[in-house]
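**Student:** Go by the hints and put chain E onto chain V.
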Amino acid sequence: MLSSPTVRTSLVFLAIALVGLLFADIAITASNPWRDLGNFFLGILTPNFFSSEGLLTALLRTVAFAFVGVALGSIAGFLLALVYRFLPVRMFCAFVRAIHELFWALIFLQFFGFHPLTGVLAIAIPYAGIFAKVYSEILEEADPEPGRALPPGTGNISAFLYTRIPDCWVKMRTYTAYRLECGLRSSAILGFVGLPTLGFYLEASFSQGLYSDAGAMLILFYVLIATMPLWVRPKLLPVYILGAPFFLGEGLPIVWGNVQRFFTEDIVPAPLRNGEGLAGLTPWLNDLMINEAMPGIWNTIVLTQIALVATGILSLLAFPLISNHFGGPIRRNAGHVALVIARSTPEYILAYILLQLWGPSMLPAVVALALHNGGIIGHLIGRQTNSIKLRPDAASGLNRYGWELVPRVYRSFLAFLFYRWEIIMRETAILGILGIYTLGFYVDSAIQNIRFDRAMVLILVTALLNIGVDTLGRYIRRKLALQTMPTC
Amino acid sequence: MSGFDLSGLTASFSGKRVIGPLSLQVNPSEKIALVGKSGAGKSTLIRLIHERVNRDSSLIPQELGLVSALSVFHNVYMGQLDKHATWYNTVTLARPFAKDRTEVNSLLQSLGMTEKFWTPTASLSGGQRQRVAIARALYRNAPMLLADEPVSALDGPMAHSVMALLRDGFSTSIIALHDVELALKYCTRIVGIQDGQIALDDTAERLAASDIMSLY
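Note that the protein sequences, when read in sequence, are chains V and E. Per numbering that gives the first Met the number 0: the first sequence = residues 0 to 487. Per numbering that gives the first Met the number 0: the second sequence = residues 0 to 215.
Think of the hints as simulated: they come from the structure by calculation, not from any bench. Since no wrong hints were added, every one of them can be taken at face value.
As a list, the in silico BS3-like pairs of lysine-lysine whose alpha-carbon atoms are at most 27 Å apart: (1) E:K36 with E:K184; (2) E:K15 with E:K36; (3) V:K132 with V:K170; (4) E:K115 with E:K98; (5) E:K115 with V:K234; (6) E:K115 with V:K170.
Cβ-Cβ distance ranges computed for the label pairs, FRET-style: (7) E:H177 with V:I156: 36 to 42 Å; (8) E:G7 with V:N155: 29 to 35 Å; (9) E:S151 with V:A333: 49 to 55 Å; (10) E:P27 with V:F94: 57 to 63 Å; (11) V:L229 with E:G38: 50 to 56 Å; (12) E:D55 with V:Y474: 47 to 53 Å; (13) E:K36 with V:N155: 37 to 43 Å.
Partial list, derived from the structure: chain V residues whose beta carbon lies under 8 Å from chain E: (14) P145; (15) R147; (16) A148; (17) G152; (18) T153; (19) S157; (20) Y161.
None of the values given here were measured: they were computed from a predicted structure. Note that the Cβ used here is the ideal one computed from N, Cα and C, for glycine as well.
Bound conformation, chain E alone:
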């Protein structure tokens, strides 16, 4: 897959420019971490990129976008709604097929949650909800991942194993992260955002945590 050339990205809220204009060249199989203060425009940038590359990306929005009345299984299954016929989806809503159940189950196992398969996501904890959204993105299996703070509600070891899963699950990814250590460990390129502009753009191996801290 070729990369993306994202240019002329801008966003304004009530007449005030919050992003850009900025350009970002995304090369194939790059893992980009977007870092910066909260309010710097990371989430807006993720949304802008998603609008550009919609078809080819798995999205984990900060609000997760779960349907709280539906079970964990159904929320994960929604990642492939486009791959099945309407009748198949409708039947699945009432009685899921064994093949899909196994697939989703093994995915959830790798994320450390199996016992809540049929629980409505409304009654899950923040960390569990976040993992359901991650499972949905993995299940969608798009070539590129767009994620906005995907591990913010997970504890240390779990955050590391999930980041590893995301690194291995997608060839290309753009992840907004406030955790500098995770960014350096699981991403190949660090893009620092400050006041809606790119203030830092370098490969992870050439940077140290202290270089990034200047953004905060």
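Chain V with its partners taken away, still in its complex shape:
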């Protein structure tokens, strides 16, 4: 078994995570974590849907921001996909999607303030980069034959509309609908930086110990996502997209002076702003790198590697929950509900909740990342096992799991895991805002201290780190010949 490259790769990653555990800050620091956790579950079991009208408004805003952001992102992404073959476009897209929605929101907050545009752009910009990549891949896979049979002299646009779009339409529609679900999650967590979506009210309820209010919010959010097939209908989409901009809320007006100041003063590195010139830049950059970027990068990598392996272990444990090779329909339905909840809860919200209950350390982040990502991969792998036909006399129970199923799905399991590596790192960085010492922590502190120049450099470092991991993940996937569909 050790001669198999996939097993060897897995063991290397397992070893890295174990070494990482030695350096990681894993602890429960809350004085009474289990009572708090109990209160929280009690809150979910006794949801209070009527505490304030703010709840429905928050839900409406969450949906509105998601629709406007995803719609703009998909239009921009489609246009970018048409010119995706040019290297600068590819680099631009890789860069904008390497920066998390919350970082974009933090940037826009500094000059647009609490204007709806902040939330819309925070979703639209990174999504445009992702859409561009996936759309261009879908367009590339279109059947080239019809194009060859076209009469010569056919205009480019006509040829594109007749031979490419129809062939790609279904895939693009499926992917866009799927992204809308991701958009709802992104929109919900934008509330944590102060936009009027679910996260804002969740944070408010939590800080006051109103667990029943928080429970109601989470339940409504799950219902919203689980019922998407019912209310997101092709015929209704134009209504939603045209109507959504009117439900973003008023926010606060944009002060254009702030916008100008942000670009001409705030983000200019302090030494340059103070006229110290390039001579002052080196010590400034050194200080930033040694005291903030380096510890941030180190913690981000350590946490990412632990979370990655925890995600993998949880996925392998979770997929039998929905696999029809085990248990009866009742068990499987319960498994489906558990995995839907795990994957519909944004990791940021999970981490926030666990952090409130267990106190600050890397543990809540690892558990949150593993639950969310493990839920997604477990669901995909479980569904895949359902198409496997076992011989009638195949072993059952643990032997079936270990000998029949895991070997068959292990490659696609690794493919999904390495695909999500970069996503886990992006999330790890952002969880720093909650007080774990990853890159997001240093970005957030720089912003709190109104040192936007430092924040911008740190965001840039984060983006480069994500691009690096994405490249490494793709290299490993290619090396092991693993293929996968995009997930978010």
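**Tutor:** For chain E alone, kept in the frame of chain V given last:
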């Protein structure tokens, strides 16, 4: 229209020569059948000729080149995409004009398929898909036809009526056929291909089925 003088046709796959070098003189209003074993290079030859005479030919490739998500009408209409402005094509995609609908409809009627006008070609049978590709070539209305086994999925009587349509619809044609009987009946000249070379080239009336069978 004058004929074509196709010379120096060659093709290689991974370093191995599969066609030629061969030359073929195509005279105006000739109907040429390319016959030969499968793998002899007929399809490659059709593709090579299409590259040379692109602008003046209607093509029916073996893979048909249909857009499976589009309706029968739209696939046929694609034969004249170059004759209309972009806005006209775009509108047609959503709501076809009556004039085009009638034209395409009568064409499909002559091919014996009218009831599936708005069905996406993905859900058609092999024979129906083949007739859509034939209708597209007829609708394109080029002076010359290049076809690769255009009636392979059609039953006997239908194959005959379609071959007759193709004979009357194009002044000049080059059709790869494995059916020797059809070749002799609907073509004026038979070109036999063997190992990427022309092994037989004569008018149809001077040949009998047995002469051609030696190629197989």
